[in-house]
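Residue numbering for the sequence shown follows the numbering used here, beginning at 153 and increasing consecutively.
Just so you know, the hints here were simulated from the structure itself, not pulled from any lab data. Remember, predicted model here, so these are calculated numbers, not experimental data. Do not take every clue at face value.
[Claimed, not checked] Computed cross-link-like contacts, DMTMM-like style, restricted to lysine to aspartate or glutamate with a CA-CA straight-line distance of at most 25 Å:
id, residue 1, residue 2
1, K375, D313
2, K504, D476
3, K375, D318
4, K177, E494
5, K177, D248
6, K193, E214
7, K177, D243
8, K246, D313
9, K375, D315
10, K177, E515
11, K504, E494
12, K504, E515
13, K177, E192
14, K246, D318
15, K375, D476
16, K246, D257
17, K375, D512
18, K246, D315
19, K177, E214
20, K246, E515
21, K177, E457
22, K375, E515
23, K193, E471
24, K193, D243
25, K193, D181
26, K375, D501
27, K375, E494
28, K504, D518
29, K375, E502
30, K246, E214
31, K504, D378
[Unchecked claim] Distance ranges between label pairs, derived from CB positions:
id, residue 1, residue 2, range
32, R474, A222, 32 to 38 Å
33, L437, E214, 30 to 36 Å
34, P342, L191, 34 to 40 Å
Each residue gets a CB set at the ideal place from its N, CA and C atoms; glycine is no exception.
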Amino acid sequence: MGSSDGRVIVITGANRGIGFCLARKLIADAASEFASSALEKPPQLTLCLCCRNLQAARAAAESLRSLAAAAFNSASSGRNLTSDSSWCRIDLCKLDTSDFDSVRDCTQWLLNRYNRIDMLYLNAGILLVSRVDWFYLIRNFISREAWSMLTTGLGVLVQADFDCQDGRRGVFKTNVGGHFLLTMGLLHPPGGAPSPLGRHSATGQASRVVWTSSCNASRRHFKLSDPECRHSMAPYAAGKHAIDLLCLHLNQRYQPAGVQFCPVDPGLVVTNLAEGIVPLWFWYLAWPLLCLLRLLVTSYNLTAENGVHALAQVAHPGERLRPDCKYFSRTGLLGRPYMGVEPISGSQDESKMLYQSLLDYAELRDRVS
Numbered sequence: 153m154g155s156s157d158g159r160v161i162v163i164t165g166a167n168r169g170i171g172f173c174l175a176r177k178l179i180a181d182a183a184s185e186f187a188s189s190a191l192e193k194p195p196q197l198t199l200c201l202c203c204r205n206l207q208a209a210r211a212a213a214e215s216l217r218s219l220a221a222a223a224f225n226s227a228s229s230g231r232n233l234t235s236d237s238s239w240c241r242i243d244l245c246k247l248d249t250s251d252f253d254s255v256r257d258c259t260q261w262l263l264n265r266y267n268r269i270d271m272l273y274l275n276a277g278i279l280l281v282s283r284v285d286w287f288y289l290i291r292n293f294i295s296r297e298a299w300s301m302l303t304t305g306l307g308v309l310v311q312a313d314f315d316c317q318d319g320r321r322g323v324f325k326t327n328v329g330g331h332f333l334l335t336m337g338l339l340h341p342p343g344g345a346p347s348p349l350g351r352h353s354a355t356g357q358a359s360r361v362v363w364t365s366s367c368n369a370s371r372r373h374f375k376l377s378d379p380e381c382r383h384s385m386a387p388y389a390a391g392k393h394a395i396d397l398l399c400l401h402l403n404q405r406y407q408p409a410g411v412q413f414c415p416v417d418p419g420l421v422v423t424n425l426a427e428g429i430v431p432l433w434f435w436y437l438a439w440p441l442l443c444l445l446r447l448l449v450t451s452y453n454l455t456a457e458n459g460v461h462a463l464a465q466v467a468h469p470g471e472r473l474r475p476d477c478k479y480f481s482r483t484g485l486l487g488r489p490y491m492g493v494e495p496i497s498g499s500q501d502e503s504k505m506l507y508q509s510l511l512d513y514a515e516l517r518d519r520v521s
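Please model the complete structure; the sequences and the hints are all you need to start from.
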């Protein structure tokens with residue numbers, strides 16, 4: 153097993169969108185902490201980008217290294233220190249969460265590379281929208297469905313799905329199943345080897361597993377009898393609720409061993425996912441209206457920088473996380489981001505049933521009890 157000095161943060165789906173902006177934010181926050189300290193060099197930070205497209209990941213890594221050097225120069229202003237980006241190491245690992253063989257290969261690579269992982273961000277995901285139901289939007293704009301429609305997009309976005317080569321449904325496998333297999337593989341390494349996830353022997357700080365959820369998460373569209381969301385009319389929304397629900401039992405089971413699970417909603421952000429719903433020009437035309445609607449809907453973060461606010465906030469060691477809550481990136485009318493928190497919708501019994509179903513789904517029953 154390779155050594156890992158300093159803080160190690162693993163992010164899936166980090167070559168663009170929320171994942172890439174989160175990596176930038178984590179570098180900026182580390183540099184900011186260094187600027188306010190008396191240290192001559194920032195503490196070592198390792199970011200591992202787990203991506204399906206390694207070519208895009210390499211370009212993202214180069215951009216992050218340049219950012220790290222620039223952040224160091226800015227933070228060390230007046231200290232006569234030489235420009236340095238070595239304090240922030242960027243590692244790359246290929247990962248396709250819709251391919252279990254790829255997930256297993258990535259898991260083994262991480263186990264070989266790091267003896268500790270401080271933060272694991274389960275961020276990779278897909279949203280497939282076959283069309284936008286404009287008639288539903290107009291018809292319900294002043295109805296009792298308006299609030300749900302504005303805050304979640306349910307009813308307006310007609311969601312789609314696909315079958316993977318192994319017959320599993322693609323949206324659930326990409327967003328939930330692959331990440332579950334990755335996390336369980338890190339928690340229960342083969343041969344009884346020590347897990348890189350757990351309480352730090354020196355600081356006592358727990359590892360944190362942060363799962364990117366969504367304001368689109370819908371308990372109404374999720375059924376425990378259909379955990380894969382095979383028959384759901386909104387597979388993305390149902391899968392995101394499954395993420396929230398699953399975290400309840402995972403916290404109960406693994407928090408005593410020093411692993412905390414936390415679902416975080418980045419809100420509505422205009423990234424590559426949003427561009428797949430309607431053309432980019434539409435978002436910019438609607439931008440003033442969406443900003444005004446922040447009076448009512450604070451989940452309209454719009455920019456990735458605002459969307460990653462809570463994702464970065466929960467990485468702070470001093471931030472105490474509640475095991476039964478979901479965290480939200482929010483933006484006020486004047487554009488200032490802040491973090492919100494709400495109880496997770498669901499019970500421990502439901503969460504445990506989902507966990508047991510996923511053990512069978514990911515073929516982990518013989519390895520994890």
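Mind checking the alpha carbons of K177 and E214 for me, to see if they're no more than 25 Å apart? 16 Å, holds
25 Å Cα cutoff - pair K504, E494: 20 Å, holds
Hinted pair K177 and E515, Cα distance within 25 Å: Measuring from Cα to Cα gives roughly 36 Å; hence the hint is violated.
Within a Cα-Cα threshold of 25 Å, do K375 and E494 meet the stated pairing? 22 Å, holds
Need the status of pair K375, D501: alpha-carbon distance at most 25 Å? Holds, at roughly 14 Å.
Hinted pair K246 and D257, Cα distance within 25 Å: With Cα atoms ~8 Å apart, K246 and D257 stay inside 25 Å; holds.
With a cut-off of 25 Å on the C-alpha distance, tell me whether K177 and D243 pass. 17 Å, holds
For the range 34 to 40 Å, tell me whether the beta carbons of P342 and L191 fit it or not. 39 Å, holds
Mind checking the alpha carbons of K193 and D243 for me, to see if they're no more than 25 Å apart? 20 Å, holds
Does 30 to 36 Å hold as the CB distance between L437 and E214, or does it fail? Holds: the Cβ-Cβ distance is about 33 Å, inside 30 to 36 Å.
Quick one, are K246 and E214 close enough, alpha carbons at most 25 Å? 16 Å, holds
What's the verdict on K504 and E515, does the C-alpha distance respect the 25 Å limit or exceed it? 17 Å, holds
Figure legend: structure checked against the earlier numbered hints; the only hint not met is number 10.
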